[in-house]
Amino acid sequence: MKTSDGKAARSRYWLLAPIILLYGTLAVLPLTLIVTHAFEDGLDHFRTIASSVLFWPIVGNTVVISLCTTAAAVSLGYILAAAMWCSRPPLRRVLLAVTLLPFWSGVLVKNFAWSALLQDNGVINGLLQTLALRSAPLPLLHNRFAVVVGMVHYVLPYAVFPIFATMLGIDGTLTRAAESLGATRSVVLFQIVGPLTLPGVYAAALLVLIMAGGFFITPVLLGGPQNMMVANLVNYYANELVDFGSAAALAVTISIGVAVLMLLYHRIPKEGQYGRA
Amino acid sequence: MTPPISGTAPARSARLSRREFVRASSLMAFAFAEAGLAKSVRAGEKEIGLASFGGSFGESIQKFYLDPFEKQTGIKVLLGSNASLALAKLQVVSGQRAQWDIVELTGAEYETAIREKITVPLDYSVVDASAIPPEYKGSHGVKFVLYLNVMAWDASKLSHAGIPKTWADFWDTTRFPGKRSMYSRLQGGGTLEFALLADGVAPANLYPLDVDRALKSLERLGRSNIIWHETNAEPIQQLVSGQASLATTFNGRVLAANREGAQLGYTPENGCVSGDYLSVVRSSENKREAFDLISYIISNASAAAEWVKATSYGVPNIHVPAMLPASLTADLPTSEALKGKVFLKDDKWWADNLQTTLARFKQWQLG
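Those protein sequence lines, which keep their order, are chains A and B. Here this note's numbering is used: the first residue of the first sequence is 441, the next is one more, and so on. Here this note's numbering is used: the first residue of the second sequence is 214, the next is one more, and so on.
Rather than coming from a laboratory, the hints here were simulated on the basis of the structure. The beta carbon of each residue, even a glycine, is placed where N, CA and C say it ideally should be. Treat the hints loosely; a few may be bogus.
Unchecked claim - Far from chain A by the CB rule (all over 12 Å, computed), these chain B residues: (1) N295; (2) E329; (3) E482; (4) H532; (5) L537; (6) W577; (7) G580.
To be verified - Covered by chain B, per the in silico footprint, the following chain A stretches (three or more residues, Cβ under 8 Å): (8) 559-569; (9) 657-666; (10) 670-679.
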């Protein structure tokens with residue numbers, strides 16, 4: 441928008457003041473405080489967490505559980521997004537509503553629901569026993585399986601939408617052009633349309649991986665202490681050992697890890713329909 | 214009205230909307246200032262914060278101590294539910310005035326708090342501790358409650374294998390199949406002590422705790438057989454829903470649940486008696502009122518007697534047992550019937566070994 445004098449243009453930057461104030465006090469200030477806490481004794485706090493016997497097993501837990509969750513969520517999300525993309529508007533709306541349904545309840549409600557479903561005398565085991573398929577209950581709760589299930593339930597909508605958005609951006613005439621040139625359905629799927637959806641898959645995978653890495657309550661409620669993740673370790677340092685500096689140092693370490701993930705993400709070659717996305 | 218975001222908008226409307234904006238924002242600022250002023254005027258009636266535990270326990274504290282205290286003195290008490298050493302430390306390191314003036318601390322946490330200079334010495338000229346035996350009085354706090362941590366079960370679900378009486382029974386998964394719900398907060402309850410008792414250690418030889426032996430004993434029970442809970446409402450919920458067949462919990466919670474219609478039972482023998490201190494944090498700005506509240510809780514025998522009748526927790530006040538019906542006194546951790554059958558948690562050992570034991574325990578839990 442053109443302005444007649446530079447003074448009016450500069451005064452417009454004051455309109456940014458509210459968001460700077462809000463974002464500054466609610467996001468930037470706490471982060472700065474955490475970083476200050478982490479470095480208050482030099483690198484001592486970092487050395488404490490690195491030398492802790494709990495650190496590497498928990499990092500291992502986090503990586504394994506996050507990767508499992510990402511793989512499951514992206515696979516299921518891809519199928520759901522493809523179903524939404526290939527369906528007619530009425531069905532698409534229904535699928536969209538069903539995908540959005542988990543947003544209507546909080547993470548605690550979802551976890552308790554899975555607890556009720558998976559416990560030894562819960563719905564699933566009860567069903568198996570009624571159908572006389574098993575006499576002893578299957579151990580479905582308080583293990584890694586339950587944690588992954590609970591996490592996939594939570595992140596699935598986030599996995600669906602980047603993939604769906606990418607699919608919507610694919611030109612529909614490409615399919616017709618390919619078929620007119622003699623391509624079979626599998627060629628259309630795997631060599632033409634499929635690769636075009638990959639940028640969405642990468643975006644979904646990154647989003648889900650970062651979210652999964654930060655889970656706190658699901659590993660506790662559905663998994664038990666042997667499935668502790670890094671967020672639980674931060675809680676352990678802050679609330680049980682009352683060592684706020686080390687908790688802050690761990691938080692900074694996790695943030696650096698996520699930053700590395702994002703850098704790697706930007707290096708992945710992502711080609712859209714019109715070349716590099 | 215179109216927002217005046219560029220020089221192309223008519224100057225007249227821009228001036229008008231700016232004036233309206235200034236008027237609106239000054240009104241808002243005035244409203245906020247007035248709210249702030251009103252709050253400080255209302256601060257003429259004092260308000261202090263007490264951090265304790267929630268659920269049925271918190272409700273009983275509110276009903277039998279805090280409401281009568283407010284009626285008597287006019288001091289309003291805010292009750293919080295996540296008492297811990299970390300919370301006490303937070304009140305002090307934040308640099309501002311404490312939100313929670315009084316924090317309930319377990320014996321080990323109380324000692325650690327003194328070492329880290331988080332709490333202030335109690336002013337015993339204000340706090341009337343004349344009815345409290347000396348073993349419950351500390352320099353920086355006084356015990357106001359004695360808990361009994363016991364094994365509990367759902368009577369309607371237990372088969373006719375009898376009821377578990379000893380911790381060896383609790384460990385017996387053939388006689389009592391199903392999962393056990395155990396307290397993972399080691400400084401409260403008595404998880405490691407129970408593991409040692411189940412392993413055959415005599416109560417007199419419990420301390421100093423052989424943590425390795427306790428962890429091996431828990432391993433013998435079976436990791437897959439244990440559900441760890443962090444809050445005290447969970448074992449009750451897990452017993453009622455059938456997720457766990459046996460649990461370690463505080464007997465007051467069981468009795469509160471039974472009053473709500475549950476059919477839980479517990480064995481008082483072989484339980485662990487522990488007491489929590491009420492301490493005032495260093496950064497409190499209402500120390501006098503906090504001491505008044507602590508004095509009320511420990512010295513007002515009639516309020517304490519009502520609380521004991523409702524919860525079956527013990528209080529150290531020596532005048533209280535005389536005010537209770539005989540049927541109730543048998544259940545209290547301080548009762549004669551249980552003398553010699555329950556053991557006292559050793560605060561000194563736990564204060565010295567809290568950090569290392571917690572770390573070892575977490576490491577074991579991780580596998």
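Query raised in the report: So which of the earlier hints does this model not fit?
Result: 1, 2, 6 and 7
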